[in-house]
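Colleague: One-letter residues, chain by chain:
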Amino acid sequence: AGMFLRLLSDVRWRAARPKWRGATCSCRSTSSTAEPHPIALPAQAQVVICGGGIMGTSVAYHLSKMGWKDIVLLEQGRLAAGTTRFCAGIVSMARPVSIELKMADYSNKLYQQLEQETGVNTGYVKTGSISLAQTQDRLISLKRIASSLKVMGIPCEIITPKQVAQLHPLINIHDLVGAMYVPEDALVSSANVSLALATAASRNGVQIHERTSVSHVSVQKGRVTAVETDRGQIQCQYFVNCAGQWAYELGHSVGEPVNIPLHACEHFYLLTHPLKEPLPSNLPTVVDPDGRIYIRNWQGGILSGGFEKNPKPLFTEGRNQLEIHNLQEDWDHFEPLLSALLRRMPELEALQIMQLVNCPESFTPDMRCIMGESPAVHGYFVLAGMNSAGISYGGGAGKYLAEWMVNGYPTDNVWPLDLKRFGSLQSSRTFLRHRVMEVMPLMCDLKVPRWDFQTGRQLRTSPLYDRLDAQGARWMEKHGFERVKYFVPPGKDLLDLEQSKTFYKPDWFDIVGSEVKCCKEAVCVIDMSSFTKFEISSTGDQALESLQYLFSNDLDVPVGHVVHTGMLNEKGGYENDCSIARLSKRSFFMISPTDQQVHCWAWLKKHLPEDSGLTMEDVTWKYTALNLIGPRAVDVLSELSYAPMTAEHFPSLFCKEMSVGYANGIRVMSITHTGEPGFVLYIPIEYALHVYNEVMNMGQKYGIRNAGYYALRSLRIEKFFAFWGQDLDAFTTPMECGREFQVKLDKGLEFVGQEALLEQKQQGVYKRFTMFILEDHDADTDLWPWWGEPIFRNGRYVGKTTSSAYSYTLERHVCLGFVQRFDEQTGQRLVVTTDFINQGDYQIDIAGQRFQAKAKLYPFSSLFAQRRRKDEGELSGY
Amino acid sequence: AIPVRSSRLPLLSDAMTAPAHLYPLIRNCEISRLCSTVCYCHHRHLCCLSSHFAHSHFRCAPQKKFAALCRPKEDFNYFFHTRDYASTPQRFYLTPPQVNSILKANEYSFKVPEFDGKNVSSVLGFDSNQLPANAPIEDRRSAATCLQTRGMLLGVFDGHAGCACAQAVSERLFYYIAVSLLPHETLLEIENAVESGRALLPILQWHKHPNDYFSKEASKLYFNSLRTYWQELIDLNSGETTDVKEALINAFKRLDNDISLEAQVGDPNSFLNYLVLRVAFSGATACVAHVDGVDLHVANTGDSRAMLGVQEEDGSWSALNLSYDHNAQNEREVERVKTEHPKAEEKSLVKQDRLLGLLMPFRAFGDVKFKWSIELQKRVVESGPDQLNDNEYTKFIPPNYHTPPYLTAEPEVIYHRLRPQDKFLVLATDGLWETMHRQDVARIVGEYLTGVHHQEPIAIGGYKVTLGQMHGLLAERRARFSSVFEDQNAATHLIRHAVGNNEFGTVDHERLSKMLSLPEELARMYRDDMTIIVVQFNSHMIGACQNEEL
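Protein chains in written order, with the UniProt record's numbering: chain Z, 1 to 878; chain B, 1 to 550.
It is possible that part of the hints are untrue.
[As the list claims (entries may be wrong)] Think about it this way: if two alpha-carbon atoms lie no more than 25 Å apart in a straight line, the pair counts; the simulated SDA-like pairs of lysine to any residue are:
1) B:K464 <-> Z:Q299
2) Z:K309 <-> B:E486
3) Z:K744 <-> Z:Y549
4) Z:K312 <-> B:E313
5) Z:K309 <-> B:N321
6) B:K464 <-> Z:G300
7) B:K464 <-> Z:K520
8) B:K464 <-> Z:E329
9) Z:K276 <-> B:G461
10) Z:K312 <-> B:K245
11) Z:K520 <-> Z:D507
12) Z:K312 <-> B:G125
13) Z:K309 <-> B:E313
14) B:K464 <-> Z:G301
15) Z:K276 <-> B:I460
16) B:K464 <-> Z:M354
17) Z:K109 <-> Z:A43
18) Z:K312 <-> B:N321
19) B:K464 <-> Z:E277
20) B:K245 <-> B:N321
21) B:K111 <-> B:G125
22) B:K464 <-> Z:L342
23) Z:K276 <-> B:K245
24) Z:K309 <-> B:T450
25) B:K464 <-> Z:P346
26) Z:K276 <-> B:R511
27) B:K464 <-> Z:A350
[Unchecked claim] Ranges between beta-carbon positions, derived for each pair:
28) B:S101 <-> Z:D175: 45 to 53 Å
29) Z:Q235 <-> B:L473: 37 to 45 Å
30) Z:T316 <-> B:P519: 41 to 49 Å
31) Z:D452 <-> B:P519: 56 to 64 Å
32) B:E548 <-> Z:P42: 55 to 63 Å
33) Z:P416 <-> B:Q439: 49 to 57 Å
34) B:A479 <-> Z:P183: 41 to 49 Å
35) B:L473 <-> Z:D175: 20 to 28 Å
36) B:Y93 <-> Z:P416: 57 to 65 Å
37) B:A479 <-> Z:V488: 35 to 43 Å
38) B:A479 <-> Z:K622: 56 to 64 Å
39) Z:D452 <-> B:A479: 29 to 37 Å
40) B:Q439 <-> Z:T316: 27 to 35 Å
Rather than coming from a laboratory, the hints here were simulated on the basis of the structure. Ideal Cβ positions, reconstructed from N, Cα and C, are used throughout, including at glycine.
Sequences and hints are given; from them, build the entire structure.
Modeller: Next up, the structure:
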């Protein structure tokens with residue numbers, strides 16, 4: 001930190017001049033701070049960015065590069081004085097989520113040339129990094145990352161402990177089983193990177209004002225209009241909240257609060273004096289996740305910090321302060337990390353301590369950063385919550401956000417980072433405090449397929465929660481809603497949580513198998529209440545007209561019909577994938593994936609015409625959904641309702657309000673989200689327990705049992721059903737996933753994305769959703785696929801899987817994923833044809849091991865013995 | 001009143017090596033040398049005796065309340081018995097579970113029951129424990145809730161010259177206090193019940209460890225004395241409301257008086273007759289707390305101590321004394337004794353920091369040797385049972401014994417109004433206070449009860465510290481921290497520290513194991529009986545009371 005301090009006092013921001021003077025004009029004495037704000041703020045600007053850390057400066061840099069000039073950046077203290085100043089400066093590309101990996105890769109390339117571009121010394125050194133594995137499971141997780149790095153063209157190799165010793169002389173390798181080496185990872189001075197970005201932005205015309213606090217963001221008619229600061233007002237069209245750990249509070253200083261769920265935790269790292277023989281500056285950075293620490297060289301000594309098991313959250317009450325300093329060093333708290341450090345590098349015992357730095361980092365509820373536009377306030381953008389990887393993401397995140405603002409959407413799918421994946425329900429301070437205490441240790445914890453968060457649970461539950469729980473339900477969470485994974489039969493014990501973490505065959509394998517079997521042969525009940533449910537109705541034809549414009553399928557169907565359709569963007573990509581039932585001529589019932597609650601609402605609000613005769617209501621909480629899957633569902637339901645439920649009377653994709661047991665007004669739909677026969681019952685919540693009890697009692701003689709989402713997933717994946725948010729995203733069109741039948745290009749009405757789809761229909765698609773059956777994979781002994789595994793066609797990389805499941809029917813693993821076609825010389829993307837898919841020889845790479853796979857563009861017809869309407873293949877659950 | 005605290009720790013670690021080099025000496029039967037060595041190291045340990053004591057055979061167990069006269073026969077036996085364990089290999093190492101089973105053998109906890117999920121009492125509960133050094137232990141403890149008046153009574157009693165007096169006081173004193181506090185009507189009601197053979201109103205609800213016993217044989221005798229007391233109270237009915245302070249003083253004095261009278265009168269039953277004499281000729285100090293809402297009274301006789309644990313605004317802990325030690329270190333007490341006797345005796349009254357050169361506490365129950373006239377003593381001893389006559393001690397008359405009584409059981413009573421920052425009260429016999437400073441006691445208990453380890457944060461400052469050094473330091477601090485979680489009882493936790501603390505203020509298992517595995521005969525050299533009660537207060541209730549009155 002000493003170094004940073006010195007540099008900061010040299011590199012003095014000159015608010016007195018419109019143009020910033022860079023590092024060359026050093027030696028500004030402190031007296032320059034005595035003239036606080038010689039330049040007045042502009043009265044208006046196109047964009048106001050709040051926060052002068054790495055995020056704010058990166059956004060300013062990229063916006064100005066993209067041609068937006070009228071930008072003001074405000075910093076409450078000094079530029080790069082917050083978390084940015086203290087951060088460890090490690091640029092690491094080893095990220096499990098592909099979008100994060102892309103951001104880190106871009107950042108690395110950007111920082112590398114930044115000094116040349118700006119003249120500011122960024123301290124960029126390509127050191128490489130070594131991630132150590134103390135266990136085989138850890139090594140598997142590193143191998144998985146290595147696979148995805150390699151196909152991105154980032155050099156990376158799995159090395160032996162001996163090779164580790166050759167790369168780094170101080171590492172104790174006795175307890176290692178292997179490591180991952182990423183030679184292009186780098187170190188930077190994070191504050192200087194930030195200053196360099198600011199310099200470049202300033203040269204491009206961005207005005208930078210330090211010591212200016214934003215107190216309030218004014219909103220009119222749902223749009224940002226102005227920013228109030230302690231130095232006056234700036235009128236603006238766009239506001240960008242890059243306030244780091246203060247972003248949450250700043251988000252609430254708006255008339256319409258912008259929920260930015262993040263929470264700060266103290267983060268400690270150690271600085272030492274140089275070794276007797278100072279460490280070379282290009283020595284690789286060491287990450288020892290099993291010891292929860294990272295170690296980089298620092299001025300001949302080391303800098304080492306980590307992510308402890310018992311983090312200390314702070315600022316829960318939102319105590320604000322100008323700059324982060326005077327936070328206490330806490331050696332007792334650091335003790336486990338120090339032990340890990342000395343275990344990893346015993347020779348450091350004699351090394352003299354310089355300082356223990358306490359630098360708060362902000363964490364988010366799902367360990368991914370927060371980016372995008374507020375669903376409630378147009379023009380209000382956010383970039384924050386970096387989960388201690390701000391430097392790695394800074395460049396890429398700034399670029400994506402700038403693209404988002406300038407072009408309406410980034411050049412890549414950023415849904416995993418989109419602010420709209422959260423709602424107000426993740427904004428409770430208690431929730432955040434508890435969740436970040438889990439998230440911070442998770443930075444180092446081993447993450448196996450289908451791990452779940454343990455904190456902040458039981459927030460949203462179905463009325464049947466206790467009933468199901470008592471019957472052995474095991475739960476997972478989506479958007480705060482508890483959903484059943486599977487039911488543990490009485491008398492059967494599963495491994496405890498720690499032991500059941502595995503990359504191999506999980507302990508629930510047989511349990512889910514029997515649930516699937518029951519769905520195939522008898523009938524199962526799955527509580528699917530978490531789905532987002534909207535009702536749209538109008539006084540006249542407005543509802544139909546608007547929906548016809550927003551959805552690609554034809555919604556002008558007879559009352560009582562259910563339509564599966566995409567909600568597409570201009571490029572024809574899926575913004576949402578839903579089922580819509582026409583309840584009456586003028587009202588529609590729309591079912592979307594659980595985590596669409598905020599995004600879909602915002603999208604509809606944005607696109608539906610202002611019309612008092614058109615109403616939209618979120619009725620998610622009003623209905624409990626029971627999915628009856630299986631051939632005997634018909635029997636159960638007809639006995640309970642005294643109504644014939646056979647295909648003649650109740651065809652597939654049909655919706656009708658009827659009575660079930662004593663309860664009337666149950667909305668019954670003949671869809672199951674799996675392709676299996678059955679019904680979903682939308683039950684007003686007060687009837688939920690009654691209907692459930694009736695169904696279970698009546699179902700007994702048909703062999704009814706409870707089932708969970710794992711069974712559902714296995715069923716839908718073997719049926720080749722895509723899942724929005726997992727398989728489908730804003731960059732995927734119906735044409736690319738074999739759903740042309742859901743697009744009515746000829747419905748006679750214009751709809752969003754129509755043009756793009758027409759073009760695609762003529763020119764062909766550049767990627768194709770494909771189903772892969774693993775051939776030589778042994779489910780008992782081989783690593784299981786998860787998602788994100790590279791797909792190889794004739795030995796060449798063609799894409800990644802998006803989801804996978806074991807098919808109990810096929811007794812094989814099924815992976816779903818997209819196949820692309822790259823020109824062998826130029827790497828350019830080419831049109832993917834059916835022949836291209838069918839004529840390939842495929843392999844799926846699971847943690848470095850390749851398995852033969854058979855590609856299919858259509859599901860197994862034999863599995864569809866029960867299908868009733870050929871042209872209306874069903875969509876999956878969400 | 002704490003003997004040379006600062007030098008204690010390093011000295012104690014020297015003393016720890018003593019047992020090892022004692023054995024060869026014992027084998028050679030060099031008793032006199034042994035004696036002086038033992039006294040020497042013990043003396044260094046406690047720093048409370050003047051050096052010439054070491055030359056006296058009789059004064060070789062110097063920490064006894066009676067410097068010279070403690071069962072000399074047994075003490076001789078002890079030296080001869082030492083041969084036994086010289087031939088059997090000593091196990092000095094106890095495993096942590098063994099240590100814990102010793103430390104926890106006498107622990108007791110009481111939680112004040114809640115009504116409607118609310119504790120309306122100012123006391124949340126208490127933890128108590130005792131660790132013997134004498135065999136049998138001479139300390140006693142009592143705790144009871146007053147059923148006819150409000151309030152809770154807690155007390156520790158440190159016996160000397162045997163445990164008889166401490167036992168009797170621990171059984172009887174709370175009844176005397178409870179009766180002193182009772183309003184006239186209740187006394188009448190009780191008396192009428194006894195008179196007509198009806199069931200008696202229960203006066204006290206005892207909170208006893210199974211090891212805390214009551215003498216069955218003496219209960220009738222004790223009851224009759226108590227009944228006489230309340231009958232007198234009924235006759236004396238002043239119509240005034242009972243003042244707690246006065247009640248405590250009266251109860252203490254009355255019980256001591258009854259002990260004295262019972263011994264003078266004797267009992268036809270030879271067992272009881274011997275018992276009452278043993279009670280009267282042995283002694284006991286008493287430190288008793290009466291808590292009723294925010295009103296806390298501490299009555300103290302002798303050198304046990306009551307201390308309040310106060311949490312400062314910054315979260316740190318400090319100690320507030322609620323009793324004065326009645327011993328030679330207390331100048332006011334020395335002054336009091338001197339004014340009560342002719343000037344001619346001034347020099348002989350306090351010698352070697354002891355009353356008449358013999359007794360460490362300046363106030364005590366029993367100890368009729370310091371209260372009765374020589375004639376009375378001789379008459380009672382001569383008419384008493386043979387066992388009494390054979391006892392060197394009872395026949396021995398203190399030197400310079402001219403104007404008895406020299407000793408009183410009258411307590412000093414301190415009143416304290418509880419504040420929200422007063423988190424707990426520690427009552428303990430001098431076995432604790434000899435080894436620990438009250439400030440440390442406050443901190444250790446405070447941190448234990450709050451579960452927060454408030455240790456000074458480490459700051460590097462300008463010092464040169466290596467990673468290895470820091471690592472060692474932190475490991476030690478963590479060990480200290482984890483010892484908090486071993487104990488479910490604050491008193492046990494305190495004993496663990498008192499016995500096992502090393503020079504860093506950390507519990508050192510090796511030391512703990514050595515101290516607890518000392519043979520009975522040696523234990524007394526290194527530590528005294530230790531009895532501790534930790535009362536935890538209900539800050540919410542206390543705060544609410546305060547607010548109501550504001």
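Colleague: Could you tell me which of the numbered hints above are not met by this structure, giving the numbers in increasing order?
Modeller: 5, 7, 10, 12, 13, 17, 18, 23, 26, 28, 29, 30
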